[in-house]
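Participant: If you want the building blocks of each chain, they are given just below.
There are 2 protein chains.
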Amino acid sequence: MDPMIEGVLLTELKIIPGESGAVMHGLKVQEPSFKNFGEAYFSFISMGKIKGWKRHSKMTLNLIVPVGKIRFVLYDDRDNSRTKGSFNDFCIGPEIQYSRLTIPPGIWMAFQGIGNEKNLLLNIADIPHDPSEAEQLQIENSRIPNFKWQ
Amino acid sequence: MDPMIEGVLLTELKIIPGESGAVMHGLKVQEPSFKNFGEAYFSFISMGKIKGWKRHSKMTLNLIVPVGKIRFVLYDDRDNSRTKGSFNDFCIGPEIQYSRLTIPPGIWMAFQGIGNEKNLLLNIADIPHDPSEAEQLQIENSRIPNFKWQ
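Quick mapping for you: the protein sequence lines, in order, are chains Z and X. For the first sequence, position 128 matches number 128 in the numbering used here, and the numbering has no gaps at all. For the second sequence, position 134 matches number 134 in the numbering used here, and the numbering has no gaps at all.
Hint data in this document are derived by calculation from the structure and do not stem from the laboratory. It is possible that some hints are incorrect.
Identical copies carry no separate label here, and so any pair may be met within one copy or between two of them.
What the hints assert, rightly or not - In silico EDC-like links for lysine to aspartate or glutamate, alpha-carbon gap of 20 Å or less:
1. Lys118 - Glu19
2. Lys28 - Asp130
3. Lys118 - Glu95
4. Lys58 - Asp2
5. Lys54 - Glu19
6. Lys54 - Glu133
7. Lys49 - Asp2
8. Lys49 - Asp79
9. Lys35 - Glu19
With the hints as extra help, turn the sequences into a complete structure.
Facilitator: Next up, the structure:
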């Protein structure tokens, strides 16, 4: 894999088992991943489907997968970045790796459902949804080098 | 049902369907339910199991059920409340009623898994978890009148 893209954080989170059901950590105000609270929303992604590419100019994303398994692919084409040209690929979910993925603005991101049943993503974003600060591209495009989705 | 307990809010949330999976709203900074960001965490609750009773002296809870169905039972024994002595009972989940339940401090709360598969709760709380600001009671106790769980 390419080096970790500058500014991206992957933070292992606790799962506290319980007889009636587990408690799973998400995000705390005192953690370095937290910048500000803008909006929290969920996205479901079906097995094999891909949402993306998307790039935010202002929003920092805090992505958590409480159910299922999701592959996140990140591409850095920021001119001022040490990791310009890098791809990162993270497969996340409570059964494989329960970690929070923090993505600063300026990085292209797409994600794919890789669990057979429900795949659920929570984004705790530092600003509320605002379409004017996000760009979108088709998965196949002339700007981002081809990524081999499985 | 008893009248809505003073200070409790039930806010209908949007589900935006999509071919690859729905997007579901959670909480935005500009909504009246939002006070402050302290911590976001998940709880699973198995079918028929009950977690509670619990009462927070400082925390305001914002409860969202993205998967399954959960029954929340609230009991108000605040001396200064117009609704002292009231029970409220809410069954929430994306297939039955996709709403956010906001519970101010001082109210007893318990919840039960009522969906056959996974039942998942997200709490976006205004302060981080702090055991010193929460009291707990067994479901059967001498302080809270008996509630008929099904």
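Participant: Which hints, by number, does the structure contradict?
Facilitator: Going through the list in order, the structure violates hints 4, 7, 8, 9 and respects the others.
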